[in-house]
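Protein chains in written order, with the working numbering: chain L, 1 to 298; chain W, 1 to 672.
Please note: incorrect hints may appear among the correct ones.
As the list claims (entries may be wrong) - Straight-line distance between alpha carbons at most 25 Å, and here's what the computed SDA-like set of lysine to any residue pairs gives:
1) W:K621 with L:K176
2) W:K621 with W:I98
3) W:K621 with L:W225
4) L:K176 with W:W81
5) L:K85 with W:L249
Said to hold, decoys possible - Sample of chain L residues facing chain W (criterion: CB under 7 Å; computed from the structure):
6) I97
7) T114
8) F125
9) I126
10) L278
To be verified - Here are some chain W residues the structure puts well away from chain L; computed CB gaps all over 10 Å:
11) L288
12) N383
13) I646
Simulated from the structure, these hints should not be mistaken for laboratory data.
Heads up, the beta-carbon is just placed ideally off N, CA and C, and yes, glycines get one too.
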Amino acid sequence: MEYFIQQLLNALQLGSLYALIALGYSMVYGVLLLINFAHGDIFMVGAFLGVFGSITLDLPFVPTLILSMVLTGLLGVTIERVAYKPLRQASRLSVVITALGVGLLLENGMLALTGANPRSYPQDFITTTVYNFGGVSISNVKILIIVLAAVLFAGLYTIVQRTKWGMAMRAISYDKFAVPLMGVSQDQIISLTFLLGAGLAAAGGILWGVAFPVLNPYMGMRVGWKAFIAAVVGGIGDIRGAAIGGLLLGFIEIMVPAYGASFGISSTWRDPIAFGLLLIILVVRPTGLFGVARRQKV
Amino acid sequence: MFGAANRPFSIGDWLVLACAAVILIAVLGVPWLSLEDGSTVTAYNLIADTDRELDVPARITNLFLIVVPVVALAGAGLAVWSLASPRRARMAARLVFILGLILVGYYYGIFFYEDWVNDTTSATDYVRGGFYLALVAGLGLVLQAAIPRANTSNPSEAAAPAVVGDAAVLPGERRSALALGRARLSATVRQAAAALQLSRVPVLAYLIGMFAATELERREGQAFARLLGFRRMPSLFGSTELLEPFSRLDFSGVLAPLFPSPSDSFDAPLQHSWEAVRKLAEDFVYALTSHGPREPGFFSVLLRVVEYDLIMFVIPVLVVALLLRRPSNALLVRLPTWAGLALQIVVLYGAVSRWGALSDYRELVLIYMGVNIMLAISLNLVNGYMGEFSVGHAGFMAVGAYVSSILTMWLFVDERVFGEAVLSVPGWALTIGFAIALIAGGVAAALAGLLVAFPSFRTRGDYLAIVTLAVNFIVTGLINNIDAIGGPRGLNGVPLWTNLRWIFVFTILSVLAIHHLVSSTFGKGIVAIREDEIAAELMGVHTRRIKLVAFLVSSFIAGVSGGLFAHVLAYVNPGVFGILKSTEALVMVYLGGMGTISGSIVAAVLFTILIEALRPLAVLKWVVLPLILILLMLFRPQGLFGFREININLKGIREDDAPAGPMGVRDDAAAD
């Protein structure tokens, strides 16, 4: 039982991180119907900006987090303005391919400009303390990640559901041709979406760096794809779905090696199982757990 | 400006003036020869030096140094004279054309022949610079002879640019000046190509030209490359040498101080960063401009590469193709279609194998090209013709690579992974065995393709893209986890059996197969799915069957290409077939354009050369490639070809389709 609770906490930690990143995929898809393949690399840039804040500027945790979220959010907006906006009228595939290109550009540009040494945050960034509750050990890092992710999600949910901006976002994903007619600037809403999505990815990046302290320019690719699966499993375009999908994926990724070892399933089976799950969900329920099928009109 | 006729000054006229000026500068200003005592001599001195006062080396007193400048000067004079009036223009243009042919013929004939016979270093040692300027300007003059002048050509054609020209003068129309220039330039280029009748040359003639060019390079390439200062023959048309100067640039210091790793510390990060940028800029300027035998800079390498390619490839191909236009047309018209096709394939193989035989590296690059062509056209079948979005093509390649490698290693080769060969067969049977193994790999990949084909009945668009992506990850993930075939360490000891012949045969076969598929009635069904799946279904197109077949064929070809790829690498590991490989395939498809086989082929060839050319840049290679992809999407989303094909005129171009003037000067409207 202790073992299970321990693993459950690990799963919650990993799942919250996936959820934070998956939110960005989902929001952008909801508004633009674009799979933003560069999102994983935006996450990487966020983590690296954490290094910039914590080591170069010598800031404590919270200012670093805010700095990184703001800068990364601006990066997201810039990418949208430069690379995606000119293609608003083009076929959707060319935007997706551009997104793939932007992602490769970010990670390889980072590698070229900063060199290949792995980065990590300083020792005193977050001092790890481990608490013990009857055989279950839990570190303050885990608590921080789970709580912060929950807070950020709640904040985002409030913005999307309760504010005018959020209403405009939902309206665009519902009918993007009618919204400009109502006097809402489509460009502003799209920029806001990228700002929020990239900011959340940056938070995810810093928390990821705290939990798994090896940062390299290619970290975004693996994590990004995983978060993308989470978004699809939950039903891409729906932020509750992204959160649930992230938690589900974290659960599977932790529980499979934790309980599969006795069946000869080692941790290297995580990827095939996660993607196999994706495949099954897409075949059985093509729009994900929360997604609503859009009927194609003839 | 010139002459009585009150006509607009066309691009062709500007070209004449520019070429004439270049020739004048080359003859009068640029040194052609340096004497023993260190002084230099221009071409004008050589022509004027009738009394032989100059101490010119004995070998150089041949006509070469005098004929070329005299011909160039005469051509330039004639061309400028042609600006005077329309009637003279046509005659002068023809004369210039003939003189130009003499110049080029002289160059290739006497110059190369003498060097070959005498087996010495050549006259180019003495005549760099000026000679090439004159040669290039002479070619420009020859080209302009083919460009119709505004008032000699059909009035209706001349009218179009002229009207735009008037509009450009209007006040407040500033932007259109550039657009006008571009429109005029493209119109001129199109007219020039039409006048030279390049488009009326059947592909066969170009292939023979390529064959001739490779033959020329085989005989003369080595010596000529050394003359130009290359250490060895440029392997891929000089593209690999082009970026070599930049290989010493190190970008990693620019942002590293801002993102320090735990091992290093910087007390003044901005200053470190600035220092790195400054050093980088210095290195960059050095890499651009330095010259000299040891570390030539970009510009000097570029000059040499252009010289080499122009003289070894471009000019011979064009000349041979233009000369053989009529005979090859006549031949093709008489041959049945299949024979024409076979003839073209044989000539292509001759040219390619001759070109590849010059170094192992070239053969390797050709094999990669073949693999990439198969990959690109098979992906284009799904993405371009059927309109789905498959992003996991490398997964099928991985299946094919692994299955065929396991078969050949297990059955035919003694190595460490599977022990001794199960079958001991004579050498000739290995060929059949390899072919069977490749086919088996393709079949296995096709079975993996079912993983995509079945979901495609229910989902399409983004969600199907995700399915293909997942299949790619699942395939590599499974291979990673099967220890018997090496897991993440990969499979070592795959026999090196893929050679040029194998790749050529399979590439041609897959191109033909895809071509026949998409041009059949069945293929119309594939396109119908792209255009509107529901409408196609209503019209009685059996969409499920068509999707199934398209995915099967596509993954089959990808699997075969994977098998060929594995047998040239001699080592496969799952990392090779990751999402990066899939992205490469996507880049090729979208570079060439969707729904076009010839586009995919051209793109695959260009892409392979580009990859090799970018090799010296190391990390930056993967910065430049996505940048190209993004710019392509922003500025030319339809790709190079975009739903158009090159017509390879298997039956030849009939002469009676449109009678054309002998020189291509456009005085008849029929050449349209």
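Hint by hint, work out which the structure violates, then give me just those numbers in ascending order.
Of the numbered hints given earlier, those the structure breaks are 1, 2, 4, 5, 8, 9, 12, listed in rising order.
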